[in-house]
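Student: The sequence shown begins at 1 in the UniProt record's numbering and counts up by one.
Hint data in this document are derived by calculation from the structure and do not stem from the laboratory.
Quick caveat: nothing in here was measured; it's all calculated off a predicted structure.
One or more of the hints may lead you astray.
Label-pair restraints from in silico Cβ distances [claimed, not checked]:
#: 1; residue 1: Asp85; residue 2: Gly160; range: 23 to 31 Å
#: 2; residue 1: His23; residue 2: Asn89; range: 24 to 32 Å
#: 3; residue 1: Arg299; residue 2: Ala75; range: 53 to 61 Å
From the three backbone atoms N, C-alpha and C, an ideal C-beta is built for every residue, glycine too.
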Amino acid sequence: MPAKVIPADRAPWERSVTRPHLHIRILLATCNGADQLAEQLTSYESQSHPDWSLDVSDDGSRDGTQGLLMRFAKASPTRAIRLSDGPRNGSAANFLTLLQRGVEAAPGAAMAFSDQDDVWLPGKLSRAADWLVAHGAQEGEVLAWVCRTVLTGTKLEPRGESRVFPRPPAFGNALVQNILPGNTIVLSPAAARAVAATVPAALRAGVPYHDWWVYQVVTGIGGRVGIEPAPLVLYRQHGGNHLGHHDPVRGRLRRLGLVARRRYGGWIDANLAALTAHRTMLTPTNCDLLDSFAQARSRGGRSLARALPDLGLHRQTVQGDRLLRLLALTGRV
1 MPAKVIPADR APWERSVTRP HLHIRILLAT CNGADQLAEQ LTSYESQSHP DWSLDVSDDG
61 SRDGTQGLLM RFAKASPTRA IRLSDGPRNG SAANFLTLLQ RGVEAAPGAA MAFSDQDDVW
121 LPGKLSRAAD WLVAHGAQEG EVLAWVCRTV LTGTKLEPRG ESRVFPRPPA FGNALVQNIL
181 PGNTIVLSPA AARAVAATVP AALRAGVPYH DWWVYQVVTG IGGRVGIEPA PLVLYRQHGG
241 NHLGHHDPVR GRLRRLGLVA RRRYGGWIDA NLAALTAHRT MLTPTNCDLL DSFAQARSRG
301 GRSLARALPD LGLHRQTVQG DRLLRLLALT GRV
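Model the full assembly from the supplied sequences, consistent with the hints where possible.
Tutor: Printed below as a string of structure tokens:
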């Protein structure tokens, strides 16, 4: 069953009449990001939503990142800023561990993932808070909010905007594709707690991407996804960006290269192992879909290729669906 998509209906600079009282913990994962981190930290201070705190997990930086963070914390004595050491096991592990720690410390807070080299526009958190509160974040609803991004060069020169996905978020899409840009995700407290509960299994399985994992968990347990059509994050494009789901051309080329090396099937293996460990969290329909997908994968080849559309497993475009069936035929799903 597709997750509900509830786009915003106001311009990004408009504010609600009553500011929602929702505390948001920013989850910043860092690793040797000193060159561009200061601009991101400054963009937090420029947010029109004032009720935020900052949790940082640093994965062993050696370039001055930690010193920059400590100076930022010292300059903001009234702001809760927490610095911790990361697991040093890749970006996904760093973000997921950070989420787990954040939920343990503040189970009633919303959680916003942040990359170290972006810049948030001033209305980013306020737009997220407005949508989350309007759709039940403070009443226990499982919600994930994302926005589009402005694609930029390393000096923040605009190069375009991130893609618009034509199909709504759904577990049947999440099993085979990620569409949630991790550097824009804001989770309701209930969604954050749900994802945090899965972190040990996700780390054991080695899930490849934290944002893809969030997409699978939120849609799998019947949560809702809000997609803000306005771009509210300046997203630097460089060699370290993963998957490229913001940039359709670059992303397709990179994915084809990874698929050719058979990495895609390994990602699916890891995701399904972690999902299976928490199958009781899924809705009955999505639990059945998970089982059916696993069974179809065990048969492989033509049987899997035929089963994909019948099960409702799909990517975001017709071309993507064709590629998925081709991958199934060649043993790469």
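Student: Starting from the hint 53 to 61 Å, judge whether the C-beta atoms of Arg299 and Ala75 obey it.
Tutor: Check passed, 59 Å falls within 53 to 61 Å.
Student: Verify the CB-CB distance for Asp85 and Gly160 against the hinted window 23 to 31 Å.
Tutor: Violated, since Asp85 and Gly160 (Cβ atoms, about 37 Å apart) do not stay within the stated range.
Student: Within 24 to 32 Å: is that where the Cβ-Cβ distance between His23 and Asn89 falls?
Tutor: 29 Å, holds
The structure does not agree with numbered hint 1 stated previously, though it agrees with all others.
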